[in-house]
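**Q** Listed below are the residues making up each chain.
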Amino acid sequence: MPNAELLTPGGIQELTAALQRATPSSRLLAGGTDLVRSMHHDHWEPDLLIDLSGVRELDFVRLEDGTLRVGALTTFAMLQADPLVRRHGRCLAEAAAQVGSAQIRNAATVGGNIANASPCADSVTALVALGGDVRTIDGAGRSATRPLARILVGAGRTSLAPDEAITEVSFAALGADQRTTFAKIGSRSTVTVARLSMALVIDYDADARTLSGARVALGAVGEAAFRDPRLEELLEGRPANNESARLFAAGCTDAVRRAIPGRYSLPYKQHAAVGLAYNAWNALGLCDRCEPVWG
Amino acid sequence: MRLLLNVNGMEHELDVRPTARLIDVLRLQLGLTGVKEGCSEGECGACTVIVDDKAVNSCLVLAAQARGKKVLTVEGLAGDDGLDLLQRMFIEHGAVQCGYCTPGMLMSAKALLIVDPHPTEEAIRLALAGNLCRCTGYTTIVAAVRAASEQPAESPSAPPAGEGSAA
Numbered sequence: 001m002p003n004a005e006l007l008t009p010g011g012i013q014e015l016t017a018a019l020q021r022a023t024p025s026s027r028l029l030a031g032g033t034d035l036v037r038s039m040h041h042d043h044w045e046p047d048l049l050i051d052l053s054g055v056r057e058l059d060f061v062r063l064e065d066g067t068l069r070v071g072a073l074t075t076f077a078m079l080q081a082d083p084l085v086r087r088h089g090r091c092l093a094e095a096a097a098q099v100g101s102a103q104i105r106n107a108a109t110v111g112g113n114i115a116n117a118s119p120c121a122d123s124v125t126a127l128v129a130l131g132g133d134v135r136t137i138d139g140a141g142r143s144a145t146r147p148l149a150r151i152l153v154g155a156g157r158t159s160l161a162p163d164e165a166i167t168e169v170s171f172a173a174l175g176a177d178q179r180t181t182f183a184k185i186g187s188r189s190t191v192t193v194a195r196l197s198m199a200l201v202i203d204y205d206a207d208a209r210t211l212s213g214a215r216v217a218l219g220a221v222g223e224a225a226f227r228d229p230r231l232e233e234l235l236e237g238r239p240a241n242n243e244s245a246r247l248f249a250a251g252c253t254d255a256v257r258r259a260i261p262g263r264y265s266l267p268y269k270q271h272a273a274v275g276l277a278y279n280a281w282n283a284l285g286l287c288d289r290c291e292p293v294w295g
Numbered sequence: 001m002r003l004l005l006n007v008n009g010m011e012h013e014l015d016v017r018p019t020a021r022l023i024d025v026l027r028l029q030l031g032l033t034g035v036k037e038g039c040s041e042g043e044c045g046a047c048t049v050i051v052d053d054k055a056v057n058s059c060l061v062l063a064a065q066a067r068g069k070k071v072l073t074v075e076g077l078a079g080d081d082g083l084d085l086l087q088r089m090f091i092e093h094g095a096v097q098c099g100y101c102t103p104g105m106l107m108s109a110k111a112l113l114i115v116d117p118h119p120t121e122e123a124i125r126l127a128l129a130g131n132l133c134r135c136t137g138y139t140t141i142v143a144a145v146r147a148a149s150e151q152p153a154e155s156p157s158a159p160p161a162g163e164g165s166a167a
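Quick mapping for you: the protein sequence lines, in order, are chains A and B. Take the first sequence: its position 29, counting from 1, is numbered 29 in this note's numbering, and each next residue is one higher. Take the second sequence: its position 125, counting from 1, is numbered 125 in this note's numbering, and each next residue is one higher.
Check each hint, because a few of them may be wrong.
[Unchecked claim] One side only, chain A facing chain B, incomplete, derived with CB under 7 Å:
| no. | residue |
| --- | --- |
| 1 | A4 |
| 2 | L6 |
| 3 | G32 |
| 4 | T33 |
| 5 | V36 |
| 6 | S38 |
| 7 | H40 |
| 8 | S101 |
| 9 | A102 |
| 10 | Q103 |
| 11 | I104 |
| 12 | N106 |
| 13 | A107 |
| 14 | R257 |
Since the hints were derived computationally from the structure, they do not count as laboratory data. C-beta atoms are modelled at their ideal positions from N, C-alpha and C, and glycine is treated no differently.
Using the sequences and the hints given, assemble the complete structure.
**A** Spelled out as structure tokens, the structure:
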């Protein structure tokens with residue numbers, strides 16, 4: 001096996017110079033937790049490996065004009081603890097806290113999670129609900145921004161060009177009248193891969209006690225995290241009560257059915273969606289605790 | 001490629017394969033075989049080392065990614081005056097059986113105590129969630145970490161009093 005060449009740019013300018021040399025067989029290395037494992041297990045090496053860890057300009061969280069900007073190299077450990085993320089995009093902090101182990105969260109980055117495009121990537125589900133926009137830079141030094149949903153082409157596939165690196169992901173900062181949470185179900189309580197995940201962002205009118213503008217993302221269902229408009233419409237104008245929780249849970253089951261018809265995991269996931277929906281609903285704290293109605 | 005690596009307080013100038021994992025350089029080139037390889041995919045935590053005060057799986061990062069950083073392995077835990085408090089508590093509480101997971105457990109626990117000297121039991125369990133042990137059932141390990149956290153903080157120069165007295 002030929003040895004990969006490793007480039008270690010120390011800043012954005014060196015990064016763009018490195019990107020000019022990238023081919024379809026090259027890879028960008030962020031935290032490494034997916035890529036290093038993959039190279040070792042599957043005995044392969046890219047022709048060129050560009051280590052981003054020296055590009056410290058990509059490690060930041062900033063609130064600018066109502067937009068929360070998260071640098072691509074921000075680790076999950078940083079995301080889960082960051083006061084701005086917890087205040088203005090809490091589902092992302094909650095998702096980050098549920099990624100892998102402490103060791104993984106110390107290394108793995110949000111940019112890497114997006115670029116790796118795993119269907120069960122926790123932060124991606126949260127960012128889809130938050131309406132994330134992904135900013136990139138290419139070998140010519142050009143910056144571009146496009147919605148996260150347009151980056152995610154399929155399982156392990158993105159629309160990123162070989163010479164294109166994610167520099168940040170941003171979304172409209174959530175305000176005090178918006179509630180949000182992330183929930184996932186795996187095979188164990190921690191250090192677990194999502195079998196089903198959900199991120200929820202919703203406007204809550206505390207005076208009228210009604211819901212509107214729901215954004216619901218489902219992850220680990222199909223090839224990439226997605227929003228389901230029919231599910232979101234169910235909650236429009238609804239009061240925050242037990243009946244709405246029931247409607248929401250039933251809607252989640254329907255959304256899962258629509259997403260993966262005939263898939264072997266459907267019998268499990270359509271049922272698990274009910275429990276997950278109630279977990280998420282109760283975490284929002286809008287009304288007294290609601291218990292699932294199984295049927 | 002040439003790599004400057006600071007491990008356990010010593011600078012090393014090494015010639016490494018560009019894609020060499022940190023664990024391979026530590027074990028094979030520096031002989032630090034206290035770093036154990038178990039699952040090779042970040043599941044078992046036996047390979048845990050501390051890089052710039054943070055626990056990481058040394059099987060999931062390249063050695064080159066540790067350039068310019070301080071790497072601490074289990075070999076670097078003990079000081080000139082003997083074993084680290086955590087190591088002593090592991091022995092005292094019988095937190096070691098076959099011992100394969102122990103270096104990783106120690107390093108995850110050490111990383112926790114660096115940022116949270118007096119963690120709750122839940123924090124201890126969360127910090128160790130990425131470390132698997134097939135022998136102990138974890139109870140004695142958690143007890144050892146808790147015991148270490150309840151001792152007055154150690155200082156390298158070991159002053160008689162004053163350190164770690166803050167609530």
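**Q** Please go over all the hints and tell whether each is borne out by the structure.
**A** Hint check results:
1. The restraint placing A4(A) at the interface with chain B holds, with a minimum CB-CB distance near 5 Å, inside the 7 Å limit.
2. Interface hint status for L6(A): upheld, as the beta-carbon distance to the closest one in chain B is roughly 4 Å, under 7 Å.
3. Taken as an interface hint, G32(A) checks out: its beta carbon lies about 5 Å from the nearest beta carbon of chain B, inside 7 Å.
4. Taking 7 Å as the C-beta contact cut-off toward chain B, the hint placing T33(A) at the interface holds, the least distance being around 5 Å.
5. With a least beta-carbon distance of about 5 Å to chain B, the hint placing V36(A) at the interface is held under the 7 Å criterion.
6. A least Cβ separation of about 9 Å between S38(A) and chain B goes past the 7 Å threshold, and the interface hint is therefore violated.
7. The closest approach between the C-beta of H40(A) and any C-beta of chain B is roughly 6 Å, which is under the 7 Å cut-off, so the hint is satisfied.
8. Against a cut-off of 7 Å between C-beta atoms, the interface hint on S101(A) holds, since the closest Cβ of chain B lies about 2 Å away.
9. A cut of 7 Å between beta carbons decides the hint on A102(A): the least distance to chain B is about 5 Å, and the hint holds.
10. Of the supplied interface hints, the one on Q103(A) holds, with its beta-carbon coming within about 5 Å of a beta-carbon of chain B, less than 7 Å.
11. Below 7 Å, beta-carbon pairs count as interface contacts, and I104(A) has one with chain B at about 6 Å; its hint therefore holds.
12. Restraint check, N106(A) versus chain B: the minimum CB separation of about 4 Å is within 7 Å; hint holds.
13. Taken as an interface hint, A107(A) checks out: its beta carbon lies about 5 Å from the nearest beta carbon of chain B, inside 7 Å.
14. At a threshold of 7 Å, the smallest CB-CB gap from R257(A) to chain B is about 32 Å, leaving the interface hint violated.
Hints 6, 14 from the earlier list are contradicted by this structure; the remaining hints agree with it.
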